[in-house]
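J.: Here is how the chains run, residue by residue.
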Amino acid sequence: MDLQPDESFEFQKGRGDVLLIACGALGREIISLIELNDWRHFDVTCLPAKWHNTPDLIPGGVREKIREAKGRYRKIYVLYADCGTGGTLDRVLEEEGVERIGGPHCYSFFSGNDAFTTITDKEFTAFYLTDYLARQFDKLIWQGLGLDRHPELRDMYFGNYTKVVYLAQQPTDALRQLAQKAADKLGLEYEYRFTGYGDLATFMREQSGVPADT
Amino acid sequence: MSEEDDLDLNELDDDELVQQMHDDLYDGLREEIDEAVNILLGRGWVPYDVLTKALVEGMRIVGIDFRDGILFVPEVLLAANAMKAGMAILRPLLIETGAPRLGKMVIGTVKGDIHDIGKNLVGMMMEGAGFEVINLGINNPVENYLEAIEEHEPDILGMSALLTTTMPYMKVVIDAMKEKGIRDDYVVLVGGAPLNEEFATAIGADAYCRDAAVAVETAKEFMARKHNQMAASA
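Residue numbers (our numbering), protein chains in the order written: chain A, 1 to 214; chain B, 1 to 234.
Just so you know, the hints here were simulated from the structure itself, not pulled from any lab data. Since this is a predicted model, take the numbers as computed values, not measurements. For each residue, glycine too, the CB sits at the ideal point set by N, CA and C. Incorrect hints may have been included.
To be verified - DEER-style ranges, computed between Cβ atoms: (1) B:Gly181 / A:Gly209: 50 to 58 Å; (2) A:Gln4 / B:Asn228: 51 to 59 Å; (3) B:Val142 / A:Leu36: 45 to 53 Å; (4) B:Glu96 / A:Glu95: 56 to 64 Å; (5) B:Ala88 / A:Thr162: 23 to 31 Å.
Isolated chain A (complex conformation) (with noise of 0.2 Å):
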């Protein structure tokens, strides 16, 4: 699966009682794991990635998720982290009585929340990449920040960045490759960190009703 930037996803195979309403840049991730696990009572929608650029875009998306969902679920959760919405996502979510996934952005959670807090405060000249960002950096990055239109704009936009930091969870040597180019392109430092699914794992787990042991 490989969905692009724009694109809505819905993963339902008919048996899932419980809703996970995420980004579509985590949407390759939730698969895995479901697979992996065999966590069939959920059913998976996913807004656009591209929301990552408009983060205001995303609590009304997520709102309107809800509603349509609420009585056809027992249960709905959110795998949005704050992602930029300033706590407007928790505001909307508090109103709609859902509950989301611990963190700022989903390069904490899936380095694990409390262990990137830690770092936060040493790191924050770093730009960081995903999996699904390394593989989608050309639309979602580079263009969507009309750098391939105005290349000159990009010190402009990373100049007070040191480096580029791959925050990897599944990955291949073609990811590594791609996340390192990225960093070529905005003239940035490169580091390679392995983080698997993080938080992500372990909040799904948990609603999962399936305990950690087995």
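Given the coordinates of chain A, work out where chain B should sit on it, guided by the hints.
T.: For chain B alone, coordinates are given in the frame of chain A:
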């Protein structure tokens, strides 16, 4: 070759040239703005008029179209770069010619945050509107703000943050100002993508400014209020 490539800016009369500058700013044409500013100055325009009638008005149009979703961030950045070129020529001349000053602003991005595009746009538009701007740059701890306030004695303190994780630091700065008993001596304006009015109120700022144009208008309103209060108490 397009018609525009053949255009000789020297052949345009003043009104046409100013109109052309608005178009060139809109299109982010830095060299053309640079040339046009020099032409107007050569024709005896005072620097303040070049700034307000050509550059600021041009950027005002850019700002409106950005707000309306007609222009996007890259285009605004190109326009800002073009305006910056014009400002570089005008800045020393404005000081020499004693252009009117509306007030003084210290502005900076908060600690732990390196994002400065919006903050720089605000700084430039404030300068264009007649404010003296002291730009503290990025990643500013509370001490930087307090020292700058003491040194420059501004009317306005502006703080910017792009991250949900860094925006609460604005409250740290405001609380430090309260502790020193200086909070009410300054107008505190805050901005940045994840912020909103509710947040600004909660942390004790005077106003949230959603973009550079709003920042300028808000700053002007506060300065007018300040002058009215001073006049009333005189």
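J.: List in ascending order the numbers of the hints, as given earlier, that are violated by the structure.
T.: As far as the earlier hints go, not one is violated by this structure.
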